Amino acid sequence: MANLRAILTALPLVLLAVPLARAQDAVAASAAPQAKPPSDDGLQRVQVADPYVEIRTGPGRGFPITNVAKKTEWLVIEIRHTDWFKVRTEAGKEGWVDRVQMENTLTEAGAKTSFRDVLVDDYLRRRVEFGGAWGHFSSDPVLKLWTSYNVTEIFAIEGAVGQVQGSYSGTNFWQIDLLAQPWADKRLEPFFGIGVGRIQNVPNASLVSAVTTNSNMANAMIGLRYHLGERFIARVDWTEYTSLVSANRTDQYHAVTAGLSFFF
Amino acid sequence: MRSLPFASALFVPALAGMFFVGAVRADDTQVIEPEVARRDVQVTHIPSNDVEMGLFTGTYDTQNFGTNLVGGLRLGYHITEDVFAEAVYGQTKVSDQDFRLILPGGIFPQPHETLRYYDVSAGYNVLPGEVFIGRTHAKVSAVYLIGGVGITKFDGANHETVNVGTGMRVFLADWVSLQVDARDHFLSLNLLGQRQETQNLELTAGVTFFF
Numbered sequence: 000m001a002n003l004r005a006i007l008t009a010l011p012l013v014l015l016a017v018p019l020a021r022a023q024d025a026v027a028a029s030a031a032p033q034a035k036p037p038s039d040d041g042l043q044r045v046q047v048a049d050p051y052v053e054i055r056t057g058p059g060r061g062f063p064i065t066n067v068a069k070k071t072e073w074l075v076i077e078i079r080h081t082d083w084f085k086v087r088t089e090a091g092k093e094g095w096v097d098r099v100q101m102e103n104t105l106t107e108a109g110a111k112t113s114f115r116d117v118l119v120d121d122y123l124r125r126r127v128e129f130g131g132a133w134g135h136f137s138s139d140p141v142l143k144l145w146t147s148y149n150v151t152e153i154f155a156i157e158g159a160v161g162q163v164q165g166s167y168s169g170t171n172f173w174q175i176d177l178l179a180q181p182w183a184d185k186r187l188e189p190f191f192g193i194g195v196g197r198i199q200n201v202p203n204a205s206l207v208s209a210v211t212t213n214s215n216m217a218n219a220m221i222g223l224r225y226h227l228g229e230r231f232i233a234r235v236d237w238t239e240y241t242s243l244v245s246a247n248r249t250d251q252y253h254a255v256t257a258g259l260s261f262f263f
Numbered sequence: 000m001r002s003l004p005f006a007s008a009l010f011v012p013a014l015a016g017m018f019f020v021g022a023v024r025a026d027d028t029q030v031i032e033p034e035v036a037r038r039d040v041q042v043t044h045i046p047s048n049d050v051e052m053g054l055f056t057g058t059y060d061t062q063n064f065g066t067n068l069v070g071g072l073r074l075g076y077h078i079t080e081d082v083f084a085e086a087v088y089g090q091t092k093v094s095d096q097d098f099r100l101i102l103p104g105g106i107f108p109q110p111h112e113t114l115r116y117y118d119v120s121a122g123y124n125v126l127p128g129e130v131f132i133g134r135t136h137a138k139v140s141a142v143y144l145i146g147g148v149g150i151t152k153f154d155g156a157n158h159e160t161v162n163v164g165t166g167m168r169v170f171l172a173d174w175v176s177l178q179v180d181a182r183d184h185f186l187s188l189n190l191l192g193q194r195q196e197t198q199n200l201e202l203t204a205g206v207t208f209f210f
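Chains A and B, in that order, are what the protein sequence lines are. Residue 190 in numbering that gives the first Met the number 0 sits at position 191 of the first sequence, and the numbers go up by one each step. Residue 89 in numbering that gives the first Met the number 0 sits at position 90 of the second sequence, and the numbers go up by one each step.
Calculated from the structure, these hints are not laboratory results. Just so you know, these numbers come straight off a predicted model, no measurement behind them. Heads up, a few of these hints could be off.
[Said to hold, decoys possible] Below, a list of computed lysine-lysine pairs in the DSBU-like style, where the Cα atoms sit at most 35 Å apart:
no., chain 1, residue 1, chain 2, residue 2
1, A, 70, B, 92
2, B, 152, A, 111
3, A, 185, A, 92
4, B, 138, A, 69
5, A, 92, A, 69
6, A, 69, A, 111
7, B, 138, A, 92
8, B, 152, B, 92
9, A, 92, A, 70
10, A, 92, A, 111
11, A, 70, A, 111
[Claimed, not checked] Non-contacting residues of chain B with respect to chain A, defined by C-beta distances greater than 12 Å in every case (computed):
no., residue
12, 62
13, 66
14, 78
15, 165
16, 177
Glycine included, each C-beta is placed from N, C-alpha and C at the ideal position.
My request is simple: use the sequences and hints to build the entire structure.
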């Protein structure tokens, strides 16, 4: 009798405990990551989520496809060259996969990786820009190259060198400007800059008793930028240069240039 | 002893209640708190080799003056699989020996002048592909067209130069390539009082490293 009572009291307890335990097990099982081979030498490993990805022999769209990696297969990413990723399959085969196909693969955490894609986001977050422009500097052709670094979204520092090919002399200059781009998130945006630099005027060797002048210079610039797409920006700018030749003489030059730059 | 069944009857719900008491929150929205182990996700940096740096040497023909050895450095960035940008610095010697035979004093202050050029060019891989060496080796290659602008420092003055060229690059491995380049530099010189458009042809071969 006492045994029966003991069993009767214990039974509901057991019946209650079992579903609770099973619930905890189920939660633990869903949290555990699915089995994967151990990762090697710090290279990123992704899993194919599409039915298959195509593996080519070289980093270009014309190279032949010699291999495919099927769904749930793991790929190790070795290196990236422009938009192509060199991967190694589990079987040890190496080849190149393009970025569009890589974007649909999953990382070890089970999430899609965002591979570097030149979208508007990249344009908005651009830091370094290299560019060149051609134009007119006081009616002579000028060639200008610049590098700019976006310190914040609105302010940038730009260094430029320029070369003017005149009929009787050549002028070369360098400048460092502070640029303000208040509408940096627009595709077509104006920008303003002020800066200082040095300007050097070298007359042609064939001229007699011509003097080379080397002086400090200040400049003010206003320009327009247009994001062409991918990594390229077109630019037009107007600059006023004031060359401080001597204590009581300043020369003014006006330059208009149009050019192209790329950012990364 | 009669109280025992009653106590045991209460014992079971009480014990069951203890299982739940830790799980029920004040607002009673969640019955069970899941125990999920937090995973550390480390996003690995994928190495890239879009930047190239190289050396080259070859011949540079200065119009009217003769051909001489040229050497230089190359720095470039591959933007897409088709387009790349390249900055080049090269140096060569120009001699006016031929003129000194006819014109006493020559044209330059010294018999040999150094010519230096810098240029920035944009290149386009028109024919990417593979080249085959023997039976078992295939190397990635690209024939490209390149054009750009720059400066030629010569005879004490800077001359604006436009360069147009073509070349071929063969990748020995992912990180190194051999490059053969033919360029034509267009510039205008004013050495003897008359402005003249000159073309300087350059043919070089070099090694380029990608990192």
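Quiz item: For this structure, which hints from the list above don't hold up?
Solution: Numbers 1, 2, 3 and 14 - these are the hints that the structure violates, sorted from lowest upward.
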